[in-house]
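K.L.:
Now for the letters of each chain:
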Amino acid sequence: MNSLVIAIALSLMLLGNSMAAIDAAEFSDDSKYQRFYDLASELRCPKCQNQNIAESSSPIANDLRGEIHRMLSEGQSDEQIIDFMVARYGDFVLYDPRLNSRTVLLWLGPSALLLVGGVVVAVIIRGGRKVRSGTSNELSDAERYRLTDLLQESDRLIEQDT
Amino acid sequence: MKKLFLFLPLALFLSISILLYRGLFLDPNRLPSALIGMPFPHFTLPSLDSPSDILSSADVKGRPALVNVWATWCQSCRQEHLMLNKLADQGVVIYGVNYKDVRANAQHLLRTLRNPYRLNIEDASGTLGLDLGVYGAPETFFIDAQGIIREKYVGVIDERVWQEKLAPIYEMLLREVTQ
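Quick mapping for you: the protein sequence lines, in order, are chains A and B.
Just so you know, this note's numbering puts 85 at position 85 of the first sequence, and the rest follows in order with no gaps.
Just so you know, this note's numbering puts 64 at position 64 of the second sequence, and the rest follows in order with no gaps.
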């Protein structure tokens, strides 16, 4: 129980750290701060690639946060700010990339693979069913004779044992 | 025909494996520039050499050139500087963008290590760097005679990189002018 409390406390401390990276930005109202935080969280830092620019403390992330702050203060829309970033750093900066000719594989690839997998499974199952329904369940005469032979043989063996 | 069909999953698996295996050897730090094919961004910034002069995008137009983003706080830029000197001696046109630097430090470095730049744009606040999508010096842009960005190289230019990768690009831009 104690260790759980400590774990929660430690993760809360981490959370505090990532928020603290947004320092220069001061906003008149909370909704602007929320937009700022959302934008900075969905834009990827070009230098430190596995962090968003809200979390990163690299100079470039700091500059980009400043840029978002400036554009928000000028009253620009989220769309305009994202376009501004993409025009300079490419689709790479978006954690949620847009659907275009360069990202179509990324967006549709997994579903396409799933579809191909589904088709393959369907074909295999249907193929198996066809083979089974092709042969009848009836035994041929030769098979029936052989079955009686085997049963008699096993009866005899059981009698010998007892 | 039916037998061939059974190999489809294997073929698919192999092609995806090859694709992903190749991915292991790509450098994730090399980002394609969003600015390739775009004109060099507009700017009006002071010249590092004589800060009373104001430079603009017209000053970097007219001939194929390298635009090198550098700073004195960037250790690998210093390493690259010697190579740039060599290229300038060979007649390669190099413009500099002194990115978020202290003027005195930058001027001092150019005096002591020689100045390979035809002109140097002083981008103290990093606004031009931002418009260029710079995320770490050194970065070098290749612009053609019309001032269109044709290529971008991130990292230190050394002899090998120049010979293998960049010289052909620069020569191609020069050839375009004579044609």
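Since the hints were derived computationally from the structure, they do not count as laboratory data.
A portion of the hints provided could be inaccurate.
Unchecked claim - Distance ranges between label pairs, derived from CB positions:
(1) A:N50 with B:Q179: 24 to 34 Å
(2) B:D27 with A:A87: 20 to 30 Å
(3) A:D83 with B:S47: 27 to 37 Å
(4) B:M83 with A:V120: 14 to 24 Å
(5) A:I125 with B:A167: 54 to 64 Å
(6) A:N100 with B:I16: 20 to 30 Å
(7) A:W107 with B:I36: 18 to 28 Å
(8) A:D38 with B:I16: 28 to 38 Å
(9) A:F27 with B:Q179: 46 to 56 Å
(10) A:D30 with B:M172: 51 to 61 Å
(11) A:G118 with B:W73: 33 to 43 Å
(12) A:L99 with B:Q75: 38 to 48 Å
(13) A:N50 with B:I36: 23 to 33 Å
Just so you know, even glycine gets a beta-carbon here, dropped at the ideal spot from N, CA and C.
K.L.:
Which of the stated hints cannot be reconciled with the structure, identified by number in ascending sequence?
P.N.:
1, 4 and 11
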